[in-house]
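A.B. asks: Now for the letters of each chain:
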Amino acid sequence: MSDLLIELFSEEIPARMQLRAREDLKSLITNGLVEAGLTYASAGAFSTPRRLTLSIEGLSQHSTPTREERKGPSASAPAAAIDGFLRATGLTLDQLERRADKKGETLYAVIEKPGRAAPQIIAEVLERTIRSFPWPKSMRWGTGSLRWVRPLHSILCILSDEGGTDIVPLTLDGLQTSNTTAGHRFLAPNRFSVTSFDDYAGKLKRAHVVLDSAEREAAILQGAQNLAFAAGMELVADDKLLTEVAGLVEWPVPLMGRIDDAFLALPPEVLQTSMREHQKFFSTRNPKTGRIEGFVTVANTEPADHGATILAGNQKVLSARLSDAKFFWENDLRVARAGMTEWLDGLNAVTFHNKLGSQSDRIARIAALAREIAPLVGADADLAEQAARLAKADLRSAMVGEFPELQGLMGMYYARAANLPEAVALAARDHYSPLGPTDSVPTDPVSVAVALADKLDTLTGFWAIDEKPTGSKDPFALRRAALGVIRLILGNGVSLHLRDLRTVAEANIPETFRTGEFLPEGAGPEYDSLLAFFHDRLKVFLKDQGIRHDVIDACLAMPGNDDLTLLVKRAEALAAFLKTEDGPNLLQGFKRANTILTQAEAKDGVEYSFGADLKFADSDAERALFTALDTAEAAITPAMKSEDFAIAMEAMAKLRAPIDAFFTAVQVNSENEIIRRNRLNLLHRIRAICSGVADLTKLDG
Amino acid sequence: MAHASKAPQSFQEIILRLQNYWADKGCAILQPYDMEVGAGTFHPATTLRSLGSKPWAAAYVQPSRRPTDGRYGENPNRLQHYYQYQVIIKPSPPDMQDLYLGSLAAIGIDASLHDIRFVEDDWESPTLGAWGLGWEVWCDGMEVSQFTYFQQVGGHDCHPVSGELTYGLERLAMYVLGVDHVMDMPFNNPQSPIALTYGDIFRQTEEEYSRHNFDGADTAQLLRHFEDAEAECQRLLDFPPLDPKTGKTIIMAHPAYDQTIKASHLFNLLDARGVISVTERQAYIGRVRALAKKCADAFRLTEAGRDAEVAQ
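Chains as they are written, first to last, in the numbering used here: chain A, 1 to 701; chain B, 1 to 312.
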């Protein structure tokens, strides 16, 4: 057994690519070695800004020999057949074995592959891995044709065992494997040789390189927390930034600074975003004031002056950045207090989509729609319209121009600065939500109205110009918008008819824009493709909540299916009902009744909806079913009217025993035609009562 | 690098040190291109010379104009006219990063006191149809240079690859000299009998050009000139390669490229005047890119842009 160490040493690898790259290196090499017949005990991959490293322990020294036997044609077969076999096996006639059997002699090819030495296999696998490495973006350099994420400078590849250490020889476009590497770019730039992974990691640390990114992350976090604590502050956790910074440094040295007082009035999100995006700084908070007052920057070196120069430089850059931010903020506040008209006018010049007009056109549509939606979600119509008109004003603010990720949030600050109602401010912040399946759903009625209007206008608009999502292509994120609508409606228990709102939204879109088809050919008036799109998204959403697709189908087939809250209430009740003992049994009874009835109706060419008459009932079971249906109907009708599906299902469940008893005791297709028709009319009542709750024919089982 | 031990005193000293450093490293020290450009990359010494297989090494200062960045000379570090220092070496040498770090040392940035980082930055110029991979180089958190390995220029793959360095001279110098406002920066030696600051030289022109760029420039005329430059570029490239007067093959790649530069600058001015809408913007960029590509195609047919026979 031996241990393998590989290091690919290059110019600086982008931080965001390092994790994936070290995992790819590990899987590509280990899979390649295993496919070639080697075995290993364990493997670990590491990365720094300048190196990808793989350490494999307990690697076998040879691949296992293989023996393959292939049966060929008879020895007396035509020459063409034998030649074909020789070509296929790559052997000559005298290398074949002849074995006697019933038919005479048959030719056999026995191909034995001896085990191959590990170094040979490693070199092949390493070359293949480097040449086909799945970097998100790779490049060439100098005169070469090799591709890597940035110029590759050296390849360390050694195999070691008790006997010593050997370089695995490989030359790649003039780059030769060796047993050497280099330390930190500035603190220990000289090359040195290594004999094993432990030797490598140890020498690297002395050369100011922490190989393991987890160790660098821990050191950064610990150092930053200590600095913050010593200054009476607390570190604002930011895992994404931590991972990124650990990918920018080989020798992390955290340094702490304070934000100049002149900038402390900026919103904390602005300070944090500016420091994170531009400078890769962590924020620190003063626990007494709750404000962001300081920062931690992480240097990649241990300077002679303990970081005074570096910190001063960083502080200066930060001040310049925050001066910009402060300029934007103050300028924006002035525009906001003046009523934001400058921004609103500016949105005229911003094209939303060349077929759907400018942002201003769109805002006018959203405002009109928000007005319509407002009463349905318990919001004041004037307030909803006002909020919709102002919610996107911040898109023209200087701050959002600089930090697009602050859209909405700045709108809230600016609305407050303009002394607008708090509901308007919240709508500015929240009307983009929810952005994903886990993002929180706004609850303030005005925010809900504007958020719904925003998404419904987007969906209706792109439907109108025939830009629906197809397959994996959804450039305008319409699936996300539809899911947003669904979550807004369900999350707030809102009852509204999407079909009506779509008509309102569509009416807002100028006739000239409309090219898309809402009604697919042959579809009935109840169908439209946007509603079907909502239903598809709803199915996906409910499936994640554990509701079966056939349950949803059974409810979709009912009237009022554009009221998603109603639809889901029905589906949830039905799903719960099917989980009870009565549920599946009643379903069987219903299906039996329905089958018999459907067949009879087809045969007789009539619909048995004349009403059954108790006086023709000739058994107790039959009479009991009459009573049970009366009772059920009396309970189900008002329950359905008040949309209390659970009560309706409960009443329906009580039909299970009488229906079962009826089928046990009674033959529907009686000789007596009057009794038969009466029973069919009775079955029709079962169907009618049950079908009022959900379309049970759509259910599986 | 004897001069590296002493800190530079002025803007021009930093430029002179860079010139000397890169001259020592074997670059041809060129002069600025005599046209209005948005960045040093537009100089044909970079754009066109990065094409083809012939080795090339040049360094130069390039005055650059970004009309939208005009702030009437009031912003501490934003200017509509500023200087870039540009280095272009083909093929990119294996020690390009070390050469670059040497240039920082030459202007007084001591790597044992400062934190120098190579932070991912993929460079792309939609107007030049060019892209490359590299970094922005940070010194103590400030971006001091752009470092790019060109992969494609004018739609052509770069074989071999050129290494390009771009230093934003004002920002870099302000940092090295410890100046907070660009206009306060000493341009020549502050001990000179006639000491001049950056502001003495450029404050007035920043004002004048800011007014010009935002309000003065005649947009109708700019639009016309854009069309003219576009048409002229095409016209020059449509000439048959054989020059009847000399009997030689003379493709007018450089004169045509001048028209591309012109079109690009006119577009920038129109953009500053705010007369180009978001949707039109892409169309204009596409038109300039189309010109750049045609010029690159033409240059590849010339002596300087052709692949050498021996090249692999």
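In short, the hints are calculated from the structure, not lab data.
One or more of the hints may lead you astray.
Claimed, not checked - Under the rule of at most 27 Å between Cα atoms (straight-line distance), these lysine-lysine pairs were calculated in the DSSO-like manner:
| no. | chain 1 | residue 1 | chain 2 | residue 2 |
| --- | --- | --- | --- | --- |
| 1 | A | K641 | A | K654 |
| 2 | A | K316 | B | K6 |
| 3 | A | K641 | A | K615 |
| 4 | A | K137 | B | K293 |
| 5 | A | K473 | A | K539 |
| 6 | A | K468 | A | K603 |
Claimed, not checked - Here are a few chain B residues that face chain A, going by a calculated C-beta distance under 7 Å:
| no. | residue |
| --- | --- |
| 7 | P44 |
| 8 | P91 |
| 9 | S92 |
| 10 | L99 |
| 11 | Y100 |
| 12 | A111 |
| 13 | S112 |
| 14 | L113 |
| 15 | D115 |
| 16 | F118 |
| 17 | E120 |
| 18 | Q151 |
| 19 | Q152 |
As the list claims (entries may be wrong) - So these bits of chain A aren't anywhere near chain B, every CB distance computed over 10 Å:
| no. | residue |
| --- | --- |
| 20 | E57 |
| 21 | V149 |
| 22 | P151 |
| 23 | T309 |
| 24 | V317 |
| 25 | A477 |
| 26 | P584 |
Fair warning: this is a prediction, and the values are worked out from it, not measured in the lab.
For every residue, glycine included, the Cβ atom is placed at its ideal position computed from N, Cα and C.
A.B. asks: A closest beta-carbon separation below 7 Å is what the hint needs, so does S112(B) meet it against chain A?
C.D. replies: Because about 6 Å separates S112(B) from the closest Cβ in chain A, which is inside the 7 Å limit, the hint holds.
A.B. asks: Grab the minimum beta-carbon distance between V149(A) and chain B and tell me whether it stays above 10 Å.
C.D. replies: violated, 8 Å
A.B. asks: Check whether the Cα positions of K137(A) and K293(B) lie no farther apart than 27 Å.
C.D. replies: Roughly 23 Å between the alpha carbons, so the hint for K137(A) and K293(B) holds.
A.B. asks: For the hint on Q152(B), does the least C-beta distance to chain A fall short of 7 Å?
C.D. replies: Q152(B) check fails; min Cβ-Cβ to chain A is 10 Å, beyond 7 Å.
A.B. asks: Non-interface claim for P151(A): all C-beta distances to chain B beyond 10 Å?
C.D. replies: violated, 7 Å
A.B. asks: Does the nearest C-beta of chain A fall within a distance shorter than 7 Å of the C-beta of D115(B)?
C.D. replies: holds, 4 Å
A.B. asks: Are all C-beta atoms of chain B more than 10 Å from that of T309(A)?
C.D. replies: Violated, since 5 Å does not exceed 10 Å.
A.B. asks: Just to be careful: measuring from the Cβ of F118(B) to every Cβ in chain A, is the smallest value less than 7 Å?
C.D. replies: holds, 4 Å
A.B. asks: Say whether it holds or is violated: P584(A) keeps its Cβ farther than 10 Å from all Cβ of chain B.
C.D. replies: holds, 59 Å
A.B. asks: Tell me if the interface restraint on P91(B) is satisfied: Cβ within less than 7 Å of some Cβ in chain A.
C.D. replies: Result: holds, 4 Å to nearest chain A Cβ.
A.B. asks: Are the Cα positions of K473(A) and K539(A) separated by 27 Å at most?
C.D. replies: Given that 27 Å is the threshold and the Cα spacing comes to 20 Å, the pair holds.
A.B. asks: Quick one, are K468(A) and K603(A) close enough, alpha carbons at most 27 Å?
C.D. replies: violated, 45 Å
Checked against the numbered hints given earlier, this structure breaks hints 3, 6, 7, 10, 11, 19, 21, 22, 23 and 24; the rest are met.
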